[in-house]
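Asker: Chain A is already provided as a structure; the job is to place chain B on it using the hints.
Listed below, chain by chain, are the residues.
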Amino acid sequence: MGLINNSRAKSPWVVHFDCGSCNGCDIEVLACLTPLYDIERFGILNIGNPKHADILLVTGTVNPRNERVLRNVYEQIPEPKVVVAIGACSCTGGIFADCYNVIQGVDKVIPVDVYVPGCAARPEAIIDGVVLGLAKFGEKVAKMNSKAVGK
Amino acid sequence: MMVVLAIVLGPIIGGLLTGIDRKITARIQGRFGPPIMQPFYDVFKLIGKEKFINNKVQIVYVITYLFFAMLSLVLFVMGQDLIAIIFVLTVGGGAMVMGALSVRSPYSQVGAQREIMQMLAYDPLLIIAAVGMFMVTGSFKVSDIISYQITHNAPLLYVLPLVFLVLIEVLTIKMRKSPFDISAGQHAHQEIVRGVHTEFSGPYLAMIEVAHWYELMLALGFVALFFATQWYFAVALVVLMYLLEILLDNTTARLTWRWMLKSAWGFGIVLCAINLIAFYFIQA
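Residue numbers (the numbering used here), protein chains in the order written: chain A, 1 to 151; chain B, 1 to 284.
Chain A with its partners taken away, still in its complex shape (with noise of 0.2 Å):
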């Protein structure tokens, strides 16, 4: 199992869902793409797949419209998945946290493992999130193990 466990954290794929943000914080993930930042060199790879993906990026402002969808996409990927909100705005609601079609945080609707502050979040603070997320597989894969012997 050690080497499977080794391979997680060399090789999590990404999926990115936009709740409604104002793009700043999904042009900062895609910018982790580019050769600047190159996250494919920790075998991160935005695969835009729920069903193959490892990590969920939330971005932006949830709302009572989109909840079902950010739900549906987090139930599809497969366990051991972590969840990181980036940016105020899918943290805390940010500024828009007093509107009242916003629900304050995308942890009111699927757990989240690793909360990313900044507005837009910046690339290097997003690659530290997602490490740190990659440190949370462990946990994720031994309640994964307790749930089997559960069943």
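No lab work stands behind these hints: they were computed from the structure.
We put the CB at the ideal spot given by N, CA and C, even for glycine.
Fair warning: there could be bad hints in the mix.
[Claimed, not checked] Distance windows between CB atoms, simulated:
1) A:P111 / B:L243: 40 to 50 Å
2) B:F267 / A:P117: 52 to 62 Å
3) A:R122 / B:I274: 55 to 65 Å
4) B:L255 / A:R71: 35 to 45 Å
5) A:E67 / B:G30: 34 to 44 Å
6) B:M2 / A:E124: 45 to 55 Å
7) B:V239 / A:P111: 47 to 57 Å
8) A:R122 / B:I12: 34 to 44 Å
9) B:T151 / A:N5: 45 to 55 Å
10) B:I12 / A:A31: 27 to 37 Å
11) B:V270 / A:C119: 53 to 63 Å
12) A:Y100 / B:R258: 44 to 54 Å
13) A:C119 / B:L255: 40 to 50 Å
14) B:G30 / A:A125: 18 to 28 Å
[Stated by the list, open to error] Facing chain A, according to a computed beta carbon distance under 8 Å, are these residues of chain B, among others:
15) G30
16) R31
17) Y41
18) I47
19) G202
Answerer: Chain B alone, transformed into the frame defined by chain A:
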């Protein structure tokens, strides 16, 4: 002995080649790129993921795909009939398509339709290439084709240059490299999500990946057949061909399936026919 070698070493070399491909691709794009071992990390990770399926039929088709990819490489290494190898390869590809069609996801469906188009484009050309080899050597058997070239010291590349040119296109389509990566974008292209692979996840995606390595080895084996007088000539030709494929992949934009079919059938079949007819008259 050779069978065990093919089953064990096939995916190891195939995976390493894929890793080298990703590294060179990254360097061409001005990036540092993932480690050479990256494809293996990906596969081991996928094996450890939760098993997520839409229906049980999918599993059957994935295993069929892997089995037939393996079988085609084993047949090749054993020096069996080329036509049988192409047939086995096609059955595997068909299983992949059926698996993608067994799910109602539109991405998977569109990907499957495009995969059928790809198979439609390269299969006749592969058969014609095999026929060309038969016309020169008098046998469809891989072992006979190799022994003919060794005894006559006459590489097939000299008599079938146009067929070899067409084989470049066939390989590009088969390996889903740009400009023909239309059924499932590799790397980060996401036009139809992941095409045929969209609905496969976890260990099943890992199996597809391994099957793909077997197919890569078989495709490169086909290339090696064109210069099998000495083993080092064959290896050199394969390396050159692989580098050319990577270069093509990185310098061309994706085409539509109409373009693919037109170029494969129009350009491909005509070139092959010219080559074979010319060979026939020269020999006569």
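Asker: Would you mind marking each hint as holding or not holding in the structure?
Answerer: Status of the hints after comparison with the structure:
| no. | hint | result |
| --- | --- | --- |
| 1 | A:P111 / B:L243: 40 to 50 Å | holds (46 Å) |
| 2 | B:F267 / A:P117: 52 to 62 Å | holds (55 Å) |
| 3 | A:R122 / B:I274: 55 to 65 Å | holds (58 Å) |
| 4 | B:L255 / A:R71: 35 to 45 Å | holds (38 Å) |
| 5 | A:E67 / B:G30: 34 to 44 Å | holds (40 Å) |
| 6 | B:M2 / A:E124: 45 to 55 Å | holds (51 Å) |
| 7 | B:V239 / A:P111: 47 to 57 Å | holds (49 Å) |
| 8 | A:R122 / B:I12: 34 to 44 Å | holds (40 Å) |
| 9 | B:T151 / A:N5: 45 to 55 Å | holds (53 Å) |
| 10 | B:I12 / A:A31: 27 to 37 Å | holds (36 Å) |
| 11 | B:V270 / A:C119: 53 to 63 Å | holds (59 Å) |
| 12 | A:Y100 / B:R258: 44 to 54 Å | holds (50 Å) |
| 13 | A:C119 / B:L255: 40 to 50 Å | holds (41 Å) |
| 14 | B:G30 / A:A125: 18 to 28 Å | holds (23 Å) |
| 15 | G30 | holds (4 Å) |
| 16 | R31 | holds (4 Å) |
| 17 | Y41 | holds (4 Å) |
| 18 | I47 | holds (6 Å) |
| 19 | G202 | holds (5 Å) |
In the structure shown, no violation is registered for any of the earlier numbered hints.
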